[in-house]
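For the sequence shown, my numbering begins at 10 and goes up steadily by one.
Please keep in mind that the hints were generated in silico from the structure rather than gathered at the bench.
Predicted model, so just to flag it, every value in this text is computed and none were measured.
Treat the hints loosely; a few may be bogus.
[Claimed, not checked] As a list, the in silico SDA-like pairs of lysine to any residue whose alpha-carbon atoms are at most 25 Å apart: (1) 175 x 72; (2) 179 x 85; (3) 209 x 182; (4) 178 x 141; (5) 173 x 223; (6) 209 x 39; (7) 178 x 145; (8) 173 x 209.
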Amino acid sequence: MRLLLAWILFIQAYIIFGDHNTGLDQCGIANSNRIIGGKNASMGAYPWIARIGYIKKNDKEKDVTFRCGGTVITEIYVITAAHCIVNLANNIIVSRIRLGEHNTETNPDCIKSFCNLPYQDFEAAQITPHESYDKPKLQNDLGLIKLNKVITFNEYIKPICMMKAKLLKKNFIGQAAEVAGWGVYDINEPQMSSVLQTVKLPIVEIERCVIGYKIAAPIGYNQLCVGGKVGQDSCGGDSGGPLMKVDVDGPLGPRYYIIGIVSFGAKLCGETNLPGVYTKIASYMPWVYEHIKA
Numbered sequence: 010m011r012l013l014l015a016w017i018l019f020i021q022a023y024i025i026f027g028d029h030n031t032g033l034d035q036c037g038i039a040n041s042n043r044i045i046g047g048k049n050a051s052m053g054a055y056p057w058i059a060r061i062g063y064i065k066k067n068d069k070e071k072d073v074t075f076r077c078g079g080t081v082i083t084e085i086y087v088i089t090a091a092h093c094i095v096n097l098a099n100n101i102i103v104s105r106i107r108l109g110e111h112n113t114e115t116n117p118d119c120i121k122s123f124c125n126l127p128y129q130d131f132e133a134a135q136i137t138p139h140e141s142y143d144k145p146k147l148q149n150d151l152g153l154i155k156l157n158k159v160i161t162f163n164e165y166i167k168p169i170c171m172m173k174a175k176l177l178k179k180n181f182i183g184q185a186a187e188v189a190g191w192g193v194y195d196i197n198e199p200q201m202s203s204v205l206q207t208v209k210l211p212i213v214e215i216e217r218c219v220i221g222y223k224i225a226a227p228i229g230y231n232q233l234c235v236g237g238k239v240g241q242d243s244c245g246g247d248s249g250g251p252l253m254k255v256d257v258d259g260p261l262g263p264r265y266y267i268i269g270i271v272s273f274g275a276k277l278c279g280e281t282n283l284p285g286v287y288t289k290i291a292s293y294m295p296w297v298y299e300h301i302k303a
């Protein structure tokens with residue numbers, strides 16, 4: 010019965026995240042075409058990237074610190090890692106979700122005389138971590154943030170596409186995927202980047218992560234093992250952000266799809282050949298649909 014329900018939800022997920030992606034037929038379209046070893050992303054290259062900001066409880070000053078990333082998947086939902094939204098340390102809570110930002114030091118962002126639109130800020134109306142999230146082992150590390158108002162989409166704020174049947178069947182081993190975020194871009198000078206960074210990383214066999222992390226963090230087939238090249242990795246501040254692939258063979262032309270969520274990696278990211286671990290979106294499509302349709 011449970012298997013039948015899962016298939017029903019999968020079919021519903023396929024329908025709702027079909028070519029129109031809940032009626033949003035502009036999903037996954039980038040406007041142009043660092044992370045450790047990465048480079049500055051072009052302005053508008055990843056218009057679905059979200060920044061998640063936090064404040065300390067009872068902080069009268071309400072100083073916001075942005076520590077995680079997320080991804081716009083509908084006009085009111087952002088998907089991220091569970092560890093970014095629940096069981097947070099140091100008495101902090103999610104305070105703000107910012108969309109449409111490129112350079113954290115400017116608003117709007119400009120290149121010479123051309124400027125994009127100002128970013129949009131939202132509050133979290135509802136936070137839903139996966140009910141089986143296991144913090145010590147970082148299993149089922151994903152969650153949803155329902156925004157307090159509907160997003161006004163524009164050239165610099167769009168949803169990414171969710172995976173469809175053809176992509177759900179792929180394992181992507183040996184292929185490159187993209188990661189983007191404002192995380193640490195030089196491990197020797199651990200400070201956040203002010204400009205959105207991007208890097209391409211190879212998807213490798215899950216066994217590399219099983220062996221690499223051993224009992225410290227048991228790895229399963231609901232996760233992806235990505236990277237493993239010294240000098241290139243996602244890092245602190247990139248958590249919760251998307252692992253992305255471009256499908257060039259779709260009926261609407263090349264589109265970006267989210268295939269994973271940044272979960273965790275080596276303590277010294279980019280310093281070893283130990284790959285990073287990402288939550289595998291394909292394993293959770295029924296869960297995502299079940300919660301966004303509620």
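Consistency of the hints with the structure:
In summary, the hint linking residue 175 to residue 72 is not supported, as the alpha carbons are separated by about 44 Å, beyond the 25 Å threshold. For the suggested pair residue 179 and residue 85, the alpha carbons sit about 28 Å apart, so the restraint of at most 25 Å is broken. Distance restraint check for residue 209 and residue 182: the Cα-Cα separation of roughly 14 Å lies within the 25 Å cut-off, and the hinted pair is therefore satisfied. The straight-line distance between the Cα atoms of residue 178 and residue 141 is roughly 24 Å, inside the 25 Å bound, and the hint therefore holds.
Between residue 173 and residue 223, the direct Cα distance comes to roughly 32 Å. Violation of the 25 Å bound is thereby established for this hinted pair. Between residue 209 and residue 39, the direct Cα distance comes to roughly 16 Å. Compliance with the 25 Å bound is thereby established for this hinted pair. Simply put, residue 178 and residue 145 have alpha-carbon atoms about 30 Å apart, too far for the 25 Å limit, and the pair is violated. Straight-line distance between C-alpha atoms of residue 173 and residue 209 comes to about 22 Å, which keeps the hinted pair within the 25 Å bound.
Of the numbered hints given earlier, the model fails hints 1, 2, 5 and 7; all others are met.
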